[in-house]
Structures are given as structure tokens and as C-alpha cells.
Amino acid sequence: MKRQVLESVIRADEENGRDASEKKLELGFLEDVFESLDDII
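Heads up, the sequence shown is in this note's numbering, so the first residue is 2 and it goes up one at a time.
No wet-lab data here; the hints were simulated from the structure. All the pointers check out, no bait thrown in.
Label-pair distances were calculated between CB atoms; the ranges are:
| hint | residue 1 | residue 2 | range |
| --- | --- | --- | --- |
| 1 | L7 | D40 | 20 to 26 Å |
| 2 | I42 | L7 | 21 to 27 Å |
| 3 | L38 | N17 | 29 to 35 Å |
| 4 | E15 | F35 | 18 to 24 Å |
| 5 | S22 | I42 | 27 to 33 Å |
| 6 | I41 | E15 | 32 to 38 Å |
| 7 | V6 | D39 | 19 to 25 Å |
| 8 | R19 | D40 | 32 to 38 Å |
| 9 | E16 | I42 | 35 to 41 Å |
| 10 | D39 | E8 | 15 to 21 Å |
| 11 | L38 | V10 | 19 to 25 Å |
| 12 | N17 | I41 | 36 to 42 Å |
| 13 | S37 | E16 | 30 to 36 Å |
| 14 | I41 | R12 | 29 to 35 Å |
By construction, the Cβ of each residue, glycine as well, lies at the ideal position given by its N, Cα and C atoms.
Make the full structure from the sequences, and use the hints.
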């Protein structure tokens, strides 16, 4: 859920010419966390 929201915000920022790099880092971090959880389960 949070990932979808972040992706939407990143797209909106890019379309409006704003810097979305910080949000992309957060999204990458979330993806790593979820991958780690998948490995554990």
C-alpha cells in the first residue's frame, strides 16, 4: 500500500519537475525490507 502511494507521489513530482530522488531512496529501502521479509517467511 505505502509503495503504491510513494510511486504515485514520485510520478507526480517528476511530472511537475520536482526532485523525487529522496522518495526514490525511500522506495528502494522499502523494497529491500520487503524482500528480506519474503526471505525470512
